[in-house]
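Sequences and hints are given; from them, build the entire structure.
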Amino acid sequence: MKKIILLFILLSVILFSSCSRWMHPYVLYERTKLTEFTPIDSALKYKDHIIVPNDELQVLLYPNKGELLLDPETIESRISAIQGGTVGTTITGRDQYSIHNYRILNDSTVNLPLIGKTKIAGMTIADAEKFLQELFGTVFHEPHLMLFVQNKKVFVYAGSREGTVQTFSSPNPTLIEVLTELKGVIGRSNTIYIVRNTFGEHQLFHIDLSVAENIELGSIVLQSNDVVYVYPRRKIAGQVLENLTPYLTLAITLLLTFNLFR
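In terms of my numbering, the sequence shown opens at residue 1440 and continues consecutively.
Read the hints as simulated data drawn from the structure, not as lab findings. Owing to the predicted nature of the structure, the values given are computational and were not obtained by experimental measurement. Keep in mind that a hint or two might mislead.
[Claimed, not checked] Listed next, the in silico DSS-like pairs over lysine-lysine satisfying Cα-Cα at most 25 Å (straight line): (1) Lys1569 <-> Lys1558; (2) Lys1591 <-> Lys1556; (3) Lys1591 <-> Lys1569; (4) Lys1591 <-> Lys1622; (5) Lys1592 <-> Lys1484; (6) Lys1484 <-> Lys1556; (7) Lys1558 <-> Lys1486; (8) Lys1484 <-> Lys1591; (9) Lys1569 <-> Lys1504; (10) Lys1569 <-> Lys1486; (11) Lys1591 <-> Lys1558; (12) Lys1592 <-> Lys1486; (13) Lys1622 <-> Lys1592; (14) Lys1591 <-> Lys1486; (15) Lys1569 <-> Lys1556; (16) Lys1592 <-> Lys1558.
Shown next as structure tokens:
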């Protein structure tokens, strides 16, 4: 009997020595006394996408001030190619142009034909368009250039253990738009975190969408590579049973073994 009591005490010490983390091992970004949140005002201010390494850029270049854009012979095929995400396809009309994707390298440069390696990481889309248009202006006559980032995405945990990589369905998706695309929130709507990393600077925003007064927070425009984390609801009974099961199995096995050989 004493051995059973000692075994029970030992298991209790193991199980409850770090109760919170033991009962909720799948929780990310657990708040502590040292946690500091970034002021929400900076998240409400719209910021254009900043080009970073591993961005995949689609570059469309048209000479002669982009007159090809108004060519009726190529408009339909051009729209179809762009919407379909066609890469490496050449479309013909009175002139020619190609759709190609170029990845930003780890050294912040992109290797473009005729231009070579050029550093554009750290620029906004508008600034990069202007910069590249000037560079290609040395090769083409009055070029018109358009730039698109093809692999913009966010990482979303809507309150369950499973995360989702959500690609942008619009140029500037909002928090509520992304959550709606994932069929809503199943965690705690009053504890939503946005984790943002801009060139090594981490920001942590706390969002509370449970009250109507914070309706504007749903309009926060997400940036590529943001992490949206909805704090899960703590289902204590189920999690206790789930985590206790292997220990109870071990205890029963030890007791049966003890009774068998005593």
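Original post:
What hint numbers does the structure not satisfy?
Top reply: 6
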